[in-house]
Amino acid sequence: MAVLGPGSASLRFGSVLLIVLILCGSSWTRDVLTGRNDTRPEPNREHHDQDQGHAANATKHKKAFPVLELNYDYVRMPFEISLWILLALLMKLGFHIIPRVSHIVPESCLLIFVGLLVGGAIKAIQEKAPVMDTKLFFLYLLPPIILDAGYFLPIRAFTENMGTILVFAVVGTLWNAFFIGRMMFAVCQIEAAAAAHVSLLSCLLFGSIISAVDPVAVLAVFEEIHINELLHILVFGESLLNDAVTVVLYHLFEEFSHAETVTVGDAFLGVVSFFVVSLGGILAGVIYGVLGAFTSRFTSHSRVIEPLFVFLYSYMAYLSAEVFHLSGIMSLIACGVVMRPYVEANISHKSYTTIKYFLKMWSSVSETLIFIFLGVSTVEGPHNWNWIFVIFTLIFALLSRVLGVVGLTFIINKFRIVKLTKKDQFIVAYGGLRGAIAFSLGYLIHEDGDSKNTRGMFLTAIITVIFFTVFVQGMTIRPLVELLAVKKKKESKPSINEEIHTQFLDHLLTGIEDVCGHYGHHHWKDKLNRFNKTYVKKWLIAGERSSEPQLISFYNKMEMKQAMMLVESGSAAKLPSVMQQREPRPERMIPKISKTREAEIRRILRANLQNTRQRLRSYNRHDLFMDPFEDNMSEVRFRRQRVEMERRVSSGSGSESESDHQNRATPSVPNQSIRTSARNAFYHKVYTYDENESARPSDSAALLDESNRSADGQSERQKPTRCLSDPGPNEDEEGISFRSS
Amino acid sequence: MGSRASTLLREEEIEEIKKETGFSHSQITRLYSRFTSLDKGENGTLSREDFQRIPELAINPLGDRIINAFFPEGEDQVNFKGFMRTLAHFRPIEDNEKNKNPPATEPLNSRTNKLLFAFRLYDLDRDDKISRDELLQVLRMMVGVNISDDQLGSIADRTIQEADTNGDSCISFQEFIKVLEKVDVEQKMSIRFLH
Chain A
1 MAVLGPGSAS
11 LRFGSVLLIV
21 LILCGSSWTR
31 DVLTGRNDTR
41 PEPNREHHDQ
51 DQGHAANATK
61 HKKAFPVLEL
71 NYDYVRMPFE
81 ISLWILLALL
91 MKLGFHIIPR
101 VSHIVPESCL
111 LIFVGLLVGG
121 AIKAIQEKAP
131 VMDTKLFFLY
141 LLPPIILDAG
151 YFLPIRAFTE
161 NMGTILVFAV
171 VGTLWNAFFI
181 GRMMFAVCQI
191 EAAAAAHVSL
201 LSCLLFGSII
211 SAVDPVAVLA
221 VFEEIHINEL
231 LHILVFGESL
241 LNDAVTVVLY
251 HLFEEFSHAE
261 TVTVGDAFLG
271 VVSFFVVSLG
281 GILAGVIYGV
291 LGAFTSRFTS
301 HSRVIEPLFV
311 FLYSYMAYLS
321 AEVFHLSGIM
331 SLIACGVVMR
341 PYVEANISHK
351 SYTTIKYFLK
361 MWSSVSETLI
371 FIFLGVSTVE
381 GPHNWNWIFV
391 IFTLIFALLS
401 RVLGVVGLTF
411 IINKFRIVKL
421 TKKDQFIVAY
431 GGLRGAIAFS
441 LGYLIHEDGD
451 SKNTRGMFLT
461 AIITVIFFTV
471 FVQGMTIRPL
481 VELLAVKKKK
491 ESKPSINEEI
501 HTQFLDHLLT
511 GIEDVCGHYG
521 HHHWKDKLNR
531 FNKTYVKKWL
541 IAGERSSEPQ
551 LISFYNKMEM
561 KQAMMLVESG
571 SAAKLPSVMQ
581 QREPRPERMI
591 PKISKTREAE
601 IRRILRANLQ
611 NTRQRLRSYN
621 RHDLFMDPFE
631 DNMSEVRFRR
641 QRVEMERRVS
651 SGSGSESESD
661 HQNRATPSVP
671 NQSIRTSARN
681 AFYHKVYTYD
691 ENESARPSDS
701 AALLDESNRS
711 ADGQSERQKP
721 TRCLSDPGPN
731 EDEEGISFRS
741 S
Chain B
1 MGSRASTLLR
11 EEEIEEIKKE
21 TGFSHSQITR
31 LYSRFTSLDK
41 GENGTLSRED
51 FQRIPELAIN
61 PLGDRIINAF
71 FPEGEDQVNF
81 KGFMRTLAHF
91 RPIEDNEKNK
101 NPPATEPLNS
111 RTNKLLFAFR
121 LYDLDRDDKI
131 SRDELLQVLR
141 MMVGVNISDD
151 QLGSIADRTI
161 QEADTNGDSC
171 ISFQEFIKVL
181 EKVDVEQKMS
191 IRFLH
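Just so you know, the protein sequences line up as chains A and B, in that order. So for the first sequence, this note's numbering puts the first residue at 1; every next one is plus one. So for the second sequence, this note's numbering puts the first residue at 1; every next one is plus one.
Don't read these hints as lab results, they were simulated from the structure. Incorrect hints may have been included.
Rough simulated footprint, nothing fancy, chain A against chain B, three-plus residues with beta-carbon under 8 angstroms [said to hold, decoys possible]:
1) 46-57
2) 60-74
3) 78-92
4) 141-147
5) 150-159
No more than 35 angstroms apart at the CA atoms, straight line, and that leaves these computed lysine-lysine pairs for DSBU-like [stated by the list, open to error]:
6) A:527 - B:81
7) B:18 - A:423
8) A:493 - A:419
9) B:81 - B:19
10) A:557 - B:129
Yeah, the Cβ is synthetic: ideal placement off N, Cα and C, and Gly gets one too.
Chain A on its own, in the form it takes in the complex (with noise of 0.2 angstroms):
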């Protein structure tokens, strides 16, 4: 149990628990995932016997009533998939809760690892191991994590360098498929390899599988080092993009490994089927995101399945992508970053909530399965040793990788203004890592039916450059970063400044740009933004926000993620001190707000003071309360249930009610009557829809949103502070349905 560390006994003693657990699961699982009816014999034949026995009985007297019956049938398939995946995140659990070994070895290292114990117990058991199947990983695992990604890509960065990216995906992931393919046919030519009978057209299908970076790998690694958002979006994007340029040499090599000629019009097929493949992917993607968002502008009376259409409109994009043989990917990816900005603008904050965190959880939960699955199918696969295929597969993916990285630099920096300089370009090549869809791709492969077991070569040869990238690469990336001080992402607070500034020099750009008569990258963005305003907003988004600038949107966004903010500390005592402190600074004043929002926030306010009794829940930034901003809430009811406040607030402390409604009637300062509230000791509760809980450990790609970045708590701006009310189930939806204190 080396990788457990010298933990405490207790520790010890949980690890060994664990792995017992692990091995009855998984045990019991394994026939789920492959299919065979090999069932557990005990509880079969106690039941057979006990049939038998009664069948006997029967004819003697009446059957005896079953007070407890064993029927392990019933529920076997969900039975298992839970125990499974129950087993998969107690073990992510607890590498956390082993600090050292955390923070040395990366968590996909740790998973794989638990994967390949988990598959040697099986084998010693002698049991069939659940090997990654292909389509489990195709259709269940994979779409998750691609959906978090492109969810919450940040676009700018995206876009700048969307060219760098493309360069990268395309022509790097050709160059090393056709370099790999062609040097391991000259390998396989030597006589030692003893390979002599694989073809050039079986090489190069190998050579396209092993060349394409990973993109699960690629997150599972790089979220740990928080590396500056550049190199981030470069190899993630590349590892995005290439899956086009994967499916196509994929299918393409297959199709000709059967085929006995090549011929040029065959090479031109493929070409346009790259075309077609990607355009077409990214063609249905927007397809369904326009649909998603447009779906989203009506469902304002039904806000509790909003996020299930994000959900299913990406999925089914997905699926529809993969019906064609299109990339599935690039059509997921082009959905969430269409579906984005007009949903959001759409729905109310909680389903904002719900989206990220069931995003964030699935793909943890996926990334968590893929890794332990390598590991079991690694022991369990048809694998077939053959050392100077391997080795010199291994060598060649990294020359490969490094001759096109730094080739295809010397190109593109002469059209990039920030240059790619050496360190950048050691990282983007040394972050190429490759993972389980490599090793799936391999599976999918078919067996040649000659008794040499080429794909047990190739699958040998996948796993040992997969385990390398992800062990060797994952585990010294970390130390390496440090060594050559690359710059590491900048964690900032969201600033109206950035934004103003930023939308401002965009304008200043595209404006001289105009008077150059240059039509360069801010001409069509200025264009595509245009086009965005007047036509596409309207439709897509409800009501009046359609018009709403988005320099307006992002600062009422910060606004109230501050308010909630305001109070994170949690304590309803502890408020009146914060408010005091405000007090010495006179001419740092709030200014007015406007009426409509004053107005707003008093009603919410009203709304909420209602359930003043509650209790106070003890603080949990992971606690998600209902949200007081329901769009869906009706003035008529809000009048309504002002006055019944009003009844019962009266008939509590009077002076409040007075003050509230002298405030009322005047657009005064917020402020007095806040701090009347505060004095009289409401409770507040914590609510944060902060991106730096997510599930995922050190979330970078949602921070760099930044429009949703929280807020430091110790703002200098006073905002009226938010009494939130307990959720129940029954408020969301109906508006506020007030409880009785």
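Assemble the complex: chain A is given as a structure, and chain B must be docked to it using the hints.
For chain B alone, kept in the frame of chain A given last:
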């Protein structure tokens, strides 16, 4: 172009501009042809009307300010040198410039000078401070007419609050630089003039 011999660009002018702005020969000639195509009056200078004839500039929220930025203080005409001097701010910063012997004065396209150019677009009265009113004006231009004054005012106040470190409720140039330190100005304020 025979009839316009007087306005043709002379070699020594090109050299001067090259030294001052750092543009290459081909870039200067390209931009000169653009200059002449804008110059409908054919007198070797551009007036404000010439700029306003550019259609996209008319719909740009900052169009007027950009046009004004080309014209030096109080003048109504700008010649080619002035045109190039303004455009030089948007030249990409090249790495090899840092290695060669650094020029005596800071090149026009250094990060500070780029930011100064942007700052001057906010700060119309040239008092080296962006006041609340100046900020409000820019916000109003960018946001359009549908937003109330109050809301814009609160945005402006918040902006100043975030940036202001010395408490004068204006944004000075230093504060402006500090606020934008995380923004990649070298990339954002550069235009790739094609070779």
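> Are 3 or more residues of the segment 46-57 of chain B near chain A, judged by a Cβ distance of less than 8 angstroms?
Replying inline: holds (count 4)
>> Given the hinted pair residue 81 of chain B and residue 19 of chain B, is their Cα-Cα distance within 35 angstroms?
In response: Measuring from Cα to Cα gives roughly 12 angstroms; hence the hint holds.
> How does the coverage statement for the segment 141-147 of chain B fare against chain A, requiring three or more residues with Cβ below 8 angstroms from a Cβ of that chain?
Replying inline: holds (count 5)
> Does residue 419 of chain A lie within 35 angstroms of residue 493 of chain A when you go C-alpha to C-alpha?
Replying inline: At roughly 27 angstroms apart (the allowed maximum being 35 angstroms), residue 419 of chain A and residue 493 of chain A satisfy the hint.
> At a Cβ distance under 8 angstroms, does chain A reach at least three residues of the segment 150-159 of chain B?
Replying inline: It holds, with 8 qualifying residues against the three required.
>> Given the hinted pair residue 527 of chain A and residue 81 of chain B, is their Cα-Cα distance within 35 angstroms?
In response: The given pair, whose Cα atoms are some 30 angstroms apart, holds under the 35 angstroms limit.
> Holds or violated: are the alpha carbons of residue 557 of chain A and residue 129 of chain B at most 35 angstroms from each other?
Replying inline: Roughly 28 angstroms separates the two Cα atoms, so the pair holds.
> Count the residues of the segment 60-74 of chain B with a beta-carbon closer than 8 angstroms to any beta-carbon of chain A: does the count reach three?
Replying inline: Check passed, 6 qualifying residues.
>> Holds or violated: residue 18 of chain B and residue 423 of chain A, Cα atoms, limit 35 angstroms.
In response: 32 angstroms, holds
>> Is the listed coverage of the segment 78-92 of chain B by chain A valid when you require three or more residues with a beta carbon under 8 angstroms from a beta carbon of that chain?
In response: holds (count 3)
When held up to the earlier numbered hints, the structure conflicts with none and fits them all.
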